[in-house]
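As given, the protein sequences belong to chains L and Y, one line each in that order. Using my numbering, the letters of the first sequence map in sequence onto residues 1 to 160. Using my numbering, the letters of the second sequence map in sequence onto residues 161 to 546.
Possibly wrong hints are sitting among the right ones.
Rough simulated footprint, nothing fancy, chain Y against chain L, three-plus residues with beta-carbon under 8 angstroms [unchecked claim]:
#1 22–33
#2 64–74
#3 148–160
Simulated coverage check for chain Y against chain L, where a stretch passes if three residues somewhere in it have a Cβ under 8 angstroms from a Cβ of chain L [said to hold, decoys possible]:
#4 269–282
#5 381–393
Derived contacts from chain L toward chain Y, CB cut-off under 8 angstroms, selection only [said to hold, decoys possible]:
#6 I8
#7 L10
#8 V54
#9 P57
#10 A83
#11 N88
#12 Y89
#13 D93
#14 P94
#15 T98
#16 P101
#17 Y108
#18 M134
#19 V139
Read the hints as simulated data drawn from the structure, not as lab findings. The beta-carbon is built from N, C-alpha and C at its ideal position, and this holds for glycine as well.
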Amino acid sequence: MTTEKKEIELLTVSSSDLGMPYEWSIGKYGSRFFQEIKGHKRFLGIRCPKCKRVLVPPRRICGRCFQELDELVELSDTGTIMAFSVVNYPFIDPATGTQRPIPYTYGYINIDGSDNIFSHIINETDENKIKVGMKVRAVFKKREEMEGNIRDIKYFEIIR
Amino acid sequence: MARRVAIVGTGQTYHKSHRLDVNGRELINEAVTRALADCELSIADIDAIIIGNMDHFESINYVDTWSVEGSGGYMKPIMKVTTGGTTGASVAIAAYYHVASGLFDKVLAIGWEKNSESDTTAAIVTCSDPIWDRFSYSGAIPSLATEASAYMEQYGATQEDAARVAVRERSHALNNPYAQMYNRPITIQDVMESAMLAYPIKLLDVCPRTDGACAVVFAAERVAEKIAVNPAWVKSCSVRHTTTWFGDVDYDTGMLSLQRASKEAFANAGIKNPVEEIDVAELYLPYSYAGLKWIEAIGFCGPGQGPKFIWDGNTDMGGKLPINPSGGVMCTNCIGATALLRVAEAAIQVMGKGDARQVPDVKTAMATGFGGCWWSDVVILSKEKP
Numbered sequence: 001m002t003t004e005k006k007e008i009e010l011l012t013v014s015s016s017d018l019g020m021p022y023e024w025s026i027g028k029y030g031s032r033f034f035q036e037i038k039g040h041k042r043f044l045g046i047r048c049p050k051c052k053r054v055l056v057p058p059r060r061i062c063g064r065c066f067q068e069l070d071e072l073v074e075l076s077d078t079g080t081i082m083a084f085s086v087v088n089y090p091f092i093d094p095a096t097g098t099q100r101p102i103p104y105t106y107g108y109i110n111i112d113g114s115d116n117i118f119s120h121i122i123n124e125t126d127e128n129k130i131k132v133g134m135k136v137r138a139v140f141k142k143r144e145e146m147e148g149n150i151r152d153i154k155y156f157e158i159i160r
Numbered sequence: 161m162a163r164r165v166a167i168v169g170t171g172q173t174y175h176k177s178h179r180l181d182v183n184g185r186e187l188i189n190e191a192v193t194r195a196l197a198d199c200e201l202s203i204a205d206i207d208a209i210i211i212g213n214m215d216h217f218e219s220i221n222y223v224d225t226w227s228v229e230g231s232g233g234y235m236k237p238i239m240k241v242t243t244g245g246t247t248g249a250s251v252a253i254a255a256y257y258h259v260a261s262g263l264f265d266k267v268l269a270i271g272w273e274k275n276s277e278s279d280t281t282a283a284i285v286t287c288s289d290p291i292w293d294r295f296s297y298s299g300a301i302p303s304l305a306t307e308a309s310a311y312m313e314q315y316g317a318t319q320e321d322a323a324r325v326a327v328r329e330r331s332h333a334l335n336n337p338y339a340q341m342y343n344r345p346i347t348i349q350d351v352m353e354s355a356m357l358a359y360p361i362k363l364l365d366v367c368p369r370t371d372g373a374c375a376v377v378f379a380a381e382r383v384a385e386k387i388a389v390n391p392a393w394v395k396s397c398s399v400r401h402t403t404t405w406f407g408d409v410d411y412d413t414g415m416l417s418l419q420r421a422s423k424e425a426f427a428n429a430g431i432k433n434p435v436e437e438i439d440v441a442e443l444y445l446p447y448s449y450a451g452l453k454w455i456e457a458i459g460f461c462g463p464g465q466g467p468k469f470i471w472d473g474n475t476d477m478g479g480k481l482p483i484n485p486s487g488g489v490m491c492t493n494c495i496g497a498t499a500l501l502r503v504a505e506a507a508i509q510v511m512g513k514g515d516a517r518q519v520p521d522v523k524t525a526m527a528t529g530f531g532g533c534w535w536s537d538v539v540i541l542s543k544e545k546p
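Let's have the full structure, built from the sequences with the hints guiding it.
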């Protein structure tokens, strides 16, 4: 799936609901990533022509190869846990100014068909029930609730 | 061709969790004053200053100018260098570059942090990408915990193995009155019974939050030997950065940046067998599992051999290669100063000024810095001129 020339809506992400004065540009491939989730509930990666790795989220430059990328790759909504951590301690979320709800599980997930790690949340906080190597599937928000940001993926759940 | 450079003086604060009696500038001034006293120089002798701390931690911009009263930088060239966890090593290496270039003879490197002035985790979270990573990222501890969980899975290392590292650091800090955790020894049982912060990291597996500062004076060859009887010569410095994204780091290959930086630093220092040729190491180990895995990346032992190397006592005081006689990062972590403390402590060992924490007959010492997305700095110091 090489990048088509069609115009896409370019998205931004606001720093928070509290009116912090930041508005970050996602860029064209990142915008496509969120639109692909909204449209098809699947992930989008991008292949580096030099090192051949498929990277998620898609970005314009391969950091290792310093190479411009343009070959988008459709991926599924499943992956493998490469590493994880159950967060049990309280801290202030700088995006909201309030305490991040705990416990939650921070997960490094290798999305099937990609060659790097996507970080997100896994909905299992019992460390005896989660292991490196387990398969997971993304759970998305309802389409009408999606906003074009990372929270459109609610979490990953373990496929048991 | 780079000029020869030596460290001629070091100074640090008595590190505490909260120094409410001083503001940041005054904290910096304590370290600077001690460093100048250590090498019997006055601030007028200093040609330039490099200063650094963590972005966002105290919500202070332009730390170079903001800190002038503390650093003594009025009407001097000052540069701020900030590279996350490696900031302290980066200010040291930048000071080295200044002197090695031939443009400055005596340069003061300063690292500092007043962790009590903000929520450390909230501040660290701002280092992650705001669009993709910040939503799930929760600061240093879970980021390290993911590495630890993968390492345990790969090599069968245990929580007790890591606890042994935590016990070593606290036991070494018994000899260092500057350490925040001075005189607070712990046992493996204490570590195992401490609160689980983020599996597999427990409270006693991880560094504290500290208010503290460190200052180090670098001097050119032609003045260094006049200033100090036993200067600590800079043999080599290496810096390796990784990627923009946490998810692009290849966790299975170990700490690649530390492998590469160590390899280059050893080669440039003429070190062929690090375990035999390095007498003491002050390593930036922010949590106990790093004391297992990262010493493998450096090459002190093979992949998966970290636990055995530690249990055999090699890294204890009196062992083959003592690591962190100061108690290290797990006993003191004023983050912008932390990696500079590693360099300062390595210099102290080479200069023979370690008092109770001195390792006998140190010729060569190693210091490292570690930063967020798995980047590394390595500094090799020696009694012997490069």
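Now the hints, each set against the structure:
no.: 1; hint: 22–33; result: holds (count 4)
no.: 2; hint: 64–74; result: violated (count 1)
no.: 3; hint: 148–160; result: holds (count 3)
no.: 4; hint: 269–282; result: holds (count 3)
no.: 5; hint: 381–393; result: violated (count 0)
no.: 6; hint: I8; result: violated, 16 angstroms
no.: 7; hint: L10; result: violated, 13 angstroms
no.: 8; hint: V54; result: violated, 12 angstroms
no.: 9; hint: P57; result: holds, 6 angstroms
no.: 10; hint: A83; result: holds, 4 angstroms
no.: 11; hint: N88; result: holds, 6 angstroms
no.: 12; hint: Y89; result: holds, 5 angstroms
no.: 13; hint: D93; result: holds, 7 angstroms
no.: 14; hint: P94; result: holds, 5 angstroms
no.: 15; hint: T98; result: violated, 10 angstroms
no.: 16; hint: P101; result: violated, 11 angstroms
no.: 17; hint: Y108; result: holds, 5 angstroms
no.: 18; hint: M134; result: violated, 11 angstroms
no.: 19; hint: V139; result: violated, 14 angstroms
In summary, the structure is inconsistent with hints 2, 5, 6, 7, 8, 15, 16, 18, 19 from the numbered list given earlier, while agreeing with the others.
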